[in-house]
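Enquirer: Sequence:
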Amino acid sequence: MSSISDAIQKVRDSLSSLGKRGGGSSSEGSSGSKFDPKAALTWVKSHPVIVVSLAVMVVAPGIAWWFSSDIYAARDAAATKRVQEMAALEKFEKSSVEIALPGVAAEQKVGVLNENTVSAYKKLAGRLRADAQAIQKAALAHNQQDRAKLVKDVTVTRENVNLIAEEVFDAVQARAATDLKESRAGKPPSDQSLLDQLQRRQDQFIAAERKADRKSLNEEQLTRLQHSLVDKRLQLYADAAANTSFYADIADLGLPAEAGEAGTPPSETKMFLWQWRLWVIEDVLKAVNSANKPYRGVVDAPVKRILSLVVREDSIPKPAAATAAAAATEEVPAEGSTPPADGAAAAAVVETAAAPALPPLDPKAVVKYDFVKSMTGRVSNSMYDVRYVTVRMVVATSMIPEVLNAIARQNFMTVTGMDVRPTDAFEAADEGFIYGAAPVSEVKLTVESVWLRPWIAKLMPRELQTLKGTDGRTTEDPPASAPAAEPTT
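In this note's numbering, the protein residues as written are 1 to 489.
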């Protein structure tokens, strides 16, 4: 028997003996004996360990259910909490993040968001920001090219008010002539030059025939003279074509016709727009030169001749809207609008009055598109101006795609309209324009040209800056340094 059973039996025997008077153990006395409480209490006090053990054994089965149910409830609550925490972790594990990279469609990614993920995202964002800034800087340099300053300063002062329009006009004409020369653009021999050369050839023929003059030639000699003069004329045309990339005359480029177009007194804005117009023309000439560069002369080149070039005047807000333009830094182009006529008066106002503070350009601003006004949707806004130029040229029909590609590669230009019609190369040859044997067409192009304000606005006169609502500063430019304090004495 186990030790617990022995202990219980011993207690029973002891309690039984407490009921006998005198503590006897015979069976006879037990039937009539009574329980003595005093004796039982004395025994309990002398055996405390046994009594406590029995109490535990007796009570434990009764309260075990209570302890067990409480422990279960605690464990159930803890388990429920753990399930909730696991669900939260699974939610983080399945977190969806939209990754949008430049030039790539936005993509949803599912993964764990942790410290490493956030750190990697910050590094990626930093690299993307650096890339965007580098691209923006490269775009400005590509758009500006070598135009860090004006061809001729347009600031009107009391000293130059009578001369500045002529000086700016002459500078623009000289720059255009240089551009044509660098592009190897040329013209057929002039009429006077042609007459001189043919007269010299006729004199040589008459001298070779030992005659006194043309009237002394017989019919056969006159026929040979005529053929000789025709050959000489064609040779002169061919020599000019061999040394020419394409035909163009400065009078056909759409430059200002005279200095008086600046007004009286001369307008700084108008003289600036002359130079801006020149820059648009230069980009077209560079595109044509790029298309023709791989070829030796006009006979083989894609572009044979520039017939005309017209730059649409820049759309400028009216002076009354200048305040609103400065606040919104966004203009709506108005076809046919013109700059103020009295440029000198406006300049004087700028000099005497405090210049209004113009808000900086925000490179991160959303640019709006208007596909009603343009097939590209691009219209002048706070970040760039859109200029349009119409070009008429003679092009080798099979090489038209080469010309369009050359324009697209040149300084943010886009062909938005094209009209093609055949032209007569023989009729042009009578005027001295040699196009070659391949079929040619007259092509009329409408070209859109974009000009970024962060650089070009810095070159504008203050009058035009105010009308445009910007001086070219951006939110990313360092703040202007404060003027140095005057020394105190």
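Hints are not guaranteed to be accurate.
Derived pair list, reagent style BS3-like, types lysine-lysine, alpha-carbon separation capped at 25 angstroms [claimed, not checked]:
(1) Lys-187 - Lys-215
(2) Lys-364 - Lys-458
(3) Lys-181 - Lys-444
(4) Lys-444 - Lys-137
(5) Lys-137 - Lys-293
(6) Lys-458 - Lys-368
(7) Lys-364 - Lys-152
Okay, the calculated beta carbon distance ranges per label pair [stated by the list, open to error]:
(8) Asn-243 - Trp-455: 30 to 40 angstroms
(9) Ala-437 - Ala-105: 42 to 52 angstroms
(10) Arg-147 - Ser-374: 16 to 26 angstroms
(11) Thr-178 - Pro-401: 26 to 36 angstroms
Source of the hints: derived by calculation from the structure; they are not laboratory data.
Keep in mind it's a predicted model, so treat the numbers as computed, not measured.
Idealized CB from N, CA, C, for every residue including glycine.
Enquirer: Just pull the numbers of the violated hints for me, sorted ascending.
Expert: As far as the earlier hints go, 1, 4, 5 and 7 are violated by this structure, in ascending order.
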